[in-house]
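Undergrad: Chains as they are written, first to last, in my numbering: chain V, 1 to 190; chain G, 1001 to 1072.
Hints in this document: simulated from the structure, not taken from any laboratory.
The reader is advised that the hints may include incorrect statements.
Said to hold, decoys possible - Sample of chain V residues with no beta-carbon within 10 Å of chain G, all distances over it, derived:
(1) Ala81
(2) Leu98
(3) Ile123
Claimed, not checked - Derived lysine-lysine pairs resembling DSBU-like cross-links, with alpha carbons at most 30 Å apart:
(4) V/Lys33 with V/Lys92
(5) V/Lys33 with G/Lys1071
(6) V/Lys93 with V/Lys33
(7) V/Lys33 with V/Lys167
(8) V/Lys167 with G/Lys1068
(9) V/Lys167 with G/Lys1071
(10) V/Lys167 with G/Lys1070
(11) V/Lys33 with G/Lys1037
(12) V/Lys33 with G/Lys1068
No residue lacks a Cβ here, since even glycine has one placed at the ideal position from N, Cα and C.
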Amino acid sequence: MEYIVIIIGAVFVNNIIFAQFLGICPFLGVSNKISTATGMGLAVVFVISLATTVTYLVHHYILIPYNIAFMQTVTFILVIAALVQLVEIILKKVAPPLYQALGIFLPLITTNCAVLGVAILVIQKDFNLIQSIVFASATAVGFTLAMILFAGIREHLELMEIPEGMKGIPIALITAGLLSLAFMGFAGLV
Amino acid sequence: MMSLMDGIGMGIGFTLSLTLLGGIREILGSGSFFGHKFVSENASTILLFVMPPGAFLALGYLVAIVNKLKKS
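Bound-form chain G, shown alone (with noise of 0.2 Å):
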């Protein structure tokens, strides 16, 4: 039972922090949110964020800010 409740615990904060950074992402990179454009069709995004390097930086910082918000 215990593990049972571990796993789900596990499975949504996977979830949760995956969407944070998919919607950290897509907000930065292609200016929308679920698939919702907010900026005008030819306003320049951060095309970084949606390639490779843009989720690797955008975790540091994420496991950063959850480091600093744990410590303090």
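Chain V extracted, bound-state conformation (with noise of 0.2 Å):
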């Protein structure tokens, strides 16, 4: 129940998105089609979800008992790094059609405050360990919910007519912003 309870609320109540302003810049970068959205919001679910468990365990049995705490923000970076390259390394090989449509988004998932925020969130919160890896999934899952919500309407966006200045990023911001509005009303819902 607990976890349903912290599922719900990473997934809708609190998206990462639309309620917190976390990783934007990916989320207009690459939602101009589903199927890069969607290998974007894989590759995060998969970053954020090992980044969190490492850096987890590297704060409660690393950092707590040498007394280093203070050194969080630079130790946890490192984490994400390292990951990000090893998913760089796979997707070019697996997929390079997907890494080519990716581009500079995929190495900037190392900045990305989503990543680090879970991370850092995740200690803020007091979560135990299953708790932290069941939440970092669930808020990347409310990450590539949001993406691919947004790039299937983009999608339509493109051949609707539209106003000249509105064209491109304006439209979807203002997207953006009804997207946030509707799923404001889960609001209250854990």
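Join the two chains, each given in its own frame, into one complex according to the hints.
TA: Put into structure tokens, the structure is as follows:
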């Protein structure tokens, strides 16, 4: 039951993009096509889940015992960067078209505020290991959900008649605003 | 030297746009400007603008205005 509350809370109520504003740059940058958005979402799910697990362990078994908790930011970024490098190598071999489509946004996952944000949130909320992993994966799923929803709408927007100045980013931002408004309807659910 | 200038320019541009967006959201959302309230205490303001959706909407319209200005 406790895990269901965490999952619903992370995916819908406190959706990382629509309610917390973390990880906006890939959200706007690679949401032109559903396929790339899905690929980005899956890469982020992988990185967030693994990174949070590793940073949780590092925090509780290395930083706390040796009294170097002030090194948190540096260590966490190092762990995340190593994981992103891994994802990059794997994607380049396994799915070259996706690697091409993601472009600069793939290495940018390193400094994606969503990834570091979740790693730090988990420590702040004092979750245990299982709770942390559940929370991290659910947040990442929320990110992917937002990406796919948004990409689906943007694909349709391409074919619409839009005033000249609104084309591209402005209409995308306003769409995101309306989506975020819709997600506010989930507030109070948990 | 050029990259230093570029960096400073980027930073100033970022600060300006952030201040502009923050100003718009504060005026519409809570009826104040840099903390000075200019509407009466129980006046109803557009609360939407202090919440996340308001940021997306305001930024969207700002970018649209900038695009329009750039073209003409």
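Undergrad: Hint by hint, say whether it matches the structure.
TA: Hints versus structure:
The claim that V/Ala81 is not at the interface with chain G holds, since no C-beta of that chain comes within 10 Å of its own (minimum 22 Å). With 10 Å as the threshold on Cβ separation, the claim that V/Leu98 sits away from chain G holds: the shortest Cβ distance comes to roughly 27 Å. With a cut of 10 Å on Cβ distances, V/Ile123 stays outside the contact zone with chain G, its closest approach being about 24 Å. Annotation: proposed proximity of V/Lys33 to V/Lys92 holds, straight-line Cα distance about 19 Å (limit 30 Å).
Annotation: proposed proximity of V/Lys33 to G/Lys1071 holds, straight-line Cα distance about 27 Å (limit 30 Å). Proposed proximity of V/Lys93 and V/Lys33 is supported: the alpha carbons are some 22 Å apart, at most 30 Å. At most 30 Å may separate the alpha-carbon atoms for a hinted pair to count; V/Lys33 and V/Lys167 meet this at roughly 16 Å. At most 30 Å may separate the alpha-carbon atoms for a hinted pair to count; V/Lys167 and G/Lys1068 meet this at roughly 10 Å.
Between the alpha carbons of V/Lys167 and G/Lys1071 the distance comes to roughly 13 Å, so the proposed pair stays at or under 30 Å and holds. Using a Cα cut-off of 30 Å, the hinted pair V/Lys167 and G/Lys1070 holds, with the two alpha carbons roughly 14 Å apart. Between V/Lys33 and G/Lys1037 the alpha-carbon distance is near 44 Å, which puts this suggested pair outside the 30 Å criterion. Restraint check for V/Lys33 and G/Lys1068: the C-alpha separation of about 26 Å stays at or below 30 Å, so the hint holds.
Hint compliance for this structure: hint 11 alone is broken.
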